[in-house]
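Undergrad: Chain by chain, the residues run as shown.
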Amino acid sequence: MHEITSSLPPACDFNEVRRVEGFDRIREQYPDFLSDESKLTMGPFDLLFFPANESELSAVVKEMVRRNIPITVAGARTGLVGGCVPPEGALVSLAQMSKVLAVYHAPYAREWRIRAEAAVRLADIDKMAESKRFPDLEKSQDPFVIEQLRLYGGEQQRYFYPPDPTEMSASIGGSVATNASGARTFRFGPTRDWVRGIRVMTMTGEVLDIPRGKYFSSPSGWFTVYDGKGSCYPVRIPDYQMPRTKNTAGFYASPHMDLVDLFIGSEGSFGIITSVDIALLAWQPKCSIILFTESDERALHLVETLRSDKRLKLDFLEFYSSSAMDLLRDMQAGDPRHVGMPAIPESAGAAVFFDVGFDPLEEKPDFRALEESTASAGVYLADSWAGYEPRELARFKAFRHLLPEKITQVLSERKKTYPGLHRLSSDLAVPDEHLFDMWRLYRTQLDQAGFEWVAFGHVGNNHLHVSTMPRNMEELERGLRLYAQFAQKAAAYGGAVSAEHGVGKIKSKFLAKMYSADEINQMHAVKTALDPDMLLNPGNIFAA
Amino acid sequence: MEIVVAVKQVPEISEVKINRETGTLIREGVASILNPFCEYALDHAVRLKAANPEIRITALSMGPPQARAALLRALELGADRAILVCDRKFAGADTWATALTLSEAIHQFVPGYKLILVGKQAIDGDTAQVGPELAEMLSLPQISYGIEAELTAGLKRIRVKREIESGYQIMEARLPALVSFSKGEVIRRAPSFKEILGARAKQIKVADASELGLAEKEVGLSGSHTHVVKIFPPSQKVHGRMLTGLEAGEAGREICLFLKDRGIPTDSDMRYRT
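Heads up: the sequence lines are chains A and B, in that order. Quick note on numbering: the first sequence equals residues 150 to 693 in our numbering. Quick note on numbering: the second sequence equals residues 8 to 281 in our numbering.
Simulated from the structure, these hints should not be mistaken for laboratory data. Keep in mind that a hint or two might mislead.
Lysine-lysine pairs mimicking DSS-like chemistry, simulated, CA-CA at most 27 Å apart [what the hints assert, rightly or not]: (1) K435/A <-> K121/B; (2) K211/A <-> K676/A; (3) K212/B <-> K121/B; (4) K201/B <-> K513/A; (5) K212/B <-> K513/A; (6) K209/B <-> K513/A; (7) K121/B <-> K462/A; (8) K555/A <-> K513/A; (9) K435/A <-> K209/B.
Label pairs and their in silico Cβ distance ranges [claimed, not checked]: (10) I194/B <-> R517/A: 29 to 37 Å; (11) Q290/A <-> R95/B: 46 to 54 Å; (12) A531/A <-> E192/B: 20 to 28 Å; (13) E623/A <-> D87/B: 54 to 62 Å; (14) M249/B <-> G303/A: 28 to 36 Å; (15) F239/B <-> D275/A: 27 to 35 Å; (16) L560/A <-> G270/B: 52 to 60 Å; (17) A57/B <-> A598/A: 37 to 45 Å; (18) L560/A <-> A58/B: 18 to 26 Å; (19) D275/A <-> D87/B: 36 to 44 Å; (20) A57/B <-> R486/A: 40 to 48 Å.
Backbone N, C-alpha and C fix where the C-beta goes; we use that ideal spot for every residue, glycine too.
Make a model of the complete structure from these sequences and hints.
TA: Okay, structure coming up:
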């Protein structure tokens with residue numbers, strides 16, 4: 150079925166919606182709403198709304214459309230590309246739409262799911278899924294909700310939500326709108342793979358209820374959306390090929406695609422996600438391993454070996470370059486307790502991190518495959534740190550996230566002398582066969598330029614974050630030019646210019662490196678089909 | 008040279024939850040770990056061994072069958088062998104019965120020991136009694152709250168830096184001796200995956216009450232001289248009120264009024280310098 154009809158939520162008085170009016174008041178009372186984690190700020194805006202439900206949201210949308218006022222939507226404001234930073238008009242915060250609506254078993258899919266409003270935080274979903282305690286549901290009057298909660302509580306198995314973006318304070322709605330990914334994407338895929346349905350409000354103020362697996366594009370690549378009044382909005386799916394890598398740049402498109410996928414990762418271009426259904430997965434005990442290698446190249450060779458060994462099931466595959474190890478050694482020299490790990494071995498030239506399934510009480514665990522695979526890459530399990538207790542898993546995870554924190558610290562220090570300075574960070578992914586090519590390009594160019602740089606991140610998906618810490622404005626300027634070349638090259642390799650951070654307002658200019666003018670026009674046509682006046686999230690993806 | 012490290016498996020808890028009806032700790036859904044202070048003791052044993060390779064480390068625990076996990080952890084971290092003293096008859100042991108059982112196990116299985124290392128206390132019971140009791144039962148000199156240790160006098164003595172309220176104290180004892188350890192500056196070790204797998208290839212000796220030759224009335228609940236009447240978490244301290252931006256005298260008056268308001272007697276003759 151490629152036709153879908155939206156419906157109007159119960160009416161409510163626009164004047165009843167909680168709001169702050171006037172930019173000065175907004176700036177004074179809600180300074181955090183002026184930016185996100187990118188620290189981008191834009192022009193003044195005069196309206197800030199906090200709708201509590203779909204009815205209130207609908208009232209706001211209809212009134213703003215009537216007055217021709219652009220709307221920017223904010224979740225937990227943890228994005229890195231300014232997606233929720235309003236250039237003008239109204240900001241709609243979904244913060245009040247933060248209830249978990251159900252945990253339920255989907256018998257045909259044989260999986261447990263959570264239905265949650267957009268602003269529920271990922272960390273809370275994780276906590277509730279694990280503890281099996283859902284404060285919102287315990288108060289429910291709905292017999293189905295109560296019964297399902299009881300059944301879930303009675304499960305012996307522990308469950309979890311596989312996508313694990315580093316920023317667990319992100320909202321579920323935001324993470325779906327941006328198709329967020331994280332380390333575990335290597336094994337479990339990005340957020341998209343775990344979304345089983347969404348409710349989304351269009352610019353008509355009506356809601357589309359889209360379960361996965363019900364609405365597919367027609368053979369000629371169309372969806373038709375009808376609103377409650379019978380108006381028709383035909384949408385043609387772009388015909389470009391998506392890169393074979395992790396990708397958050399541009400709208401998802403494929404033949405016979407599921408309508409739910411058009412909205413996932415679209416960065417709020419077509420509608421406002423009000424609630425989502427996500428799937429949980431049975432949790433297995435793990436052991437985190439940090440394997441040290443003599444050099445960066447050896448580490449990358451190990452990565453290629455590990456991921457080509459089909460006997461192994463690694464949850465993620467992450468990398469710390471030799472320069473990253475040196476930076477961590479500096480931190481250990483300063484305050485070893487802050488790092489919280491034993492001294493990094495002298496011989497460690499780089500490191501690869503991964504998790505393996507591991508039952509601590511198994512009498513004779515068999516890890517011959519892992520031993521053989523690592524040894525064939527010239528790396529040995531004796532040169533590692535490993536831990537499996539919950540506190541150890543947490544300690545290893547904290548260690549993985551330590552480096553970005555250190556980079557921020559180094560740059561804050563330099564900003565005191567050069568206030569305009571910022572870090573340069575790549576978010577490029579390339580297909581498997583170009584991992585080494587991309588690495589050599591980074592290393593040669595950055596070393597030749599004499600930059601201070603480190604590489605870390607999702608090497609299993611050929612998605613390294615290469616961070617340069619410019620020492621002055623001249624280095625920053627040269628670095629910006631170099632990073633534009635990197636993006637060009639990644640796109641030429643068939644990769645993605647924004648593998649996980651999205652496009653938002655900051656990276657819209659990179660889109661042209663990956664897509665032709667015609668392909669960008671096709672994206673634009675989808676946008677205008679659903680938002681004819683370009684009032685929703687202006688400036689995102691398409692530069693204003 | 009034989010070193011025994013006595014260890015305990017404890018629930019990994021940061022916040023104590025108590026079942027109000029039974030007065031016992033809620034352990035449901037809480038992972039079990041090697042008591043952190045025991046891990047510090049083991050860390051010191053491994054350091055001593057690094058300096059003196061002839062040392063052999065035995066990790067010893069009294070506990071239910073699942074305490075094997077704590078001993079596996081000890082083996083991963085560097086213990087050479089492990090002994091689990093495990094019997095239903097040991098259930099409900101207080102610190103005395105525990106120390107007696109451990110002392111007998113040490114007599115039986117590590118008769119040539121020169122040093123016993125323990126954590127200063129377990130993070131679940133917090134009694135800090137088993138170590139000192141064990142030393143008394145074995146008639147050993149003991150040094151508590153150690154944070155650094157080295158063997159001296161040709162491995163005949165141990166020198167320990169220990170925490171005291173006003174700072175540190177260095178003490179020496181002749182061997183055999185018992186030392187309990189605080190956290191100090193230890194950063195927990197991270198074994199290699201090879202060591203984790205290697206630990207599982209080592210055998211853990213399991214011994215029951217009959218092997219220790221202790222009478223039933225000496226162990227477990229019946230061998231205990233104390234019993235727990237009630238367990239409750241300490242009351243949370245209420246955050247204080249901070250006076251800022253006031254002159255010293257003004258602040259003094261404020262504090263005096265605050266105390267008076269709450270009916271706390273203050274010395275009416277008190278004079279405040281302004």
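Undergrad: If a hint holds in the structure, say so; if it doesn't, say that too.
TA: To see whether the hints hold, each was checked on the structure:
1. K435/A <-> K121/B: 38 Å, violated
2. K211/A <-> K676/A: 18 Å, holds
3. K212/B <-> K121/B: This hinted pair holds, its Cα atoms lying about 20 Å apart.
4. K201/B <-> K513/A: Since the Cα atoms of K201/B and K513/A sit roughly 13 Å apart, the hinted pair holds (cutoff 27 Å).
5. K212/B <-> K513/A: OK: K212/B and K513/A at ~16 Å, within 27 Å.
6. K209/B <-> K513/A: Given pair K209/B, K513/A holds - Cα atoms ~10 Å apart, limit 27 Å.
7. K121/B <-> K462/A: The given pair, whose Cα atoms are some 46 Å apart, is violated under the 27 Å limit.
8. K555/A <-> K513/A: Not satisfied, since the Cα-Cα distance of roughly 40 Å exceeds 27 Å.
9. K435/A <-> K209/B: 21 Å, holds
10. I194/B <-> R517/A: 29 to 37 Å: About 32 Å separates the Cβ atoms of I194/B and R517/A, which means 29 to 37 Å holds.
11. Q290/A <-> R95/B: 46 to 54 Å: With a Cβ separation near 47 Å, Q290/A and R95/B satisfy 46 to 54 Å, so the hint holds.
12. A531/A <-> E192/B: 20 to 28 Å: For A531/A and E192/B the Cβ distance comes to about 26 Å; the hint holds.
13. E623/A <-> D87/B: 54 to 62 Å: For D87/B against E623/A, whose Cβ atoms are near 59 Å apart, the range 54 to 62 Å holds.
14. M249/B <-> G303/A: 28 to 36 Å: This hint is violated: roughly 48 Å between Cβ atoms.
15. F239/B <-> D275/A: 27 to 35 Å: 31 Å Cβ-Cβ, so the 27 to 35 Å window holds.
16. L560/A <-> G270/B: 52 to 60 Å: 55 Å, holds
17. A57/B <-> A598/A: 37 to 45 Å: 44 Å, holds
18. L560/A <-> A58/B: 18 to 26 Å: The hint (18 to 26 Å, Cβ to Cβ) is violated, given that L560/A and A58/B are roughly 42 Å apart.
19. D275/A <-> D87/B: 36 to 44 Å: Roughly 39 Å apart at Cβ, these two residues keep to the hinted range, so it holds.
20. A57/B <-> R486/A: 40 to 48 Å: 21 Å, violated
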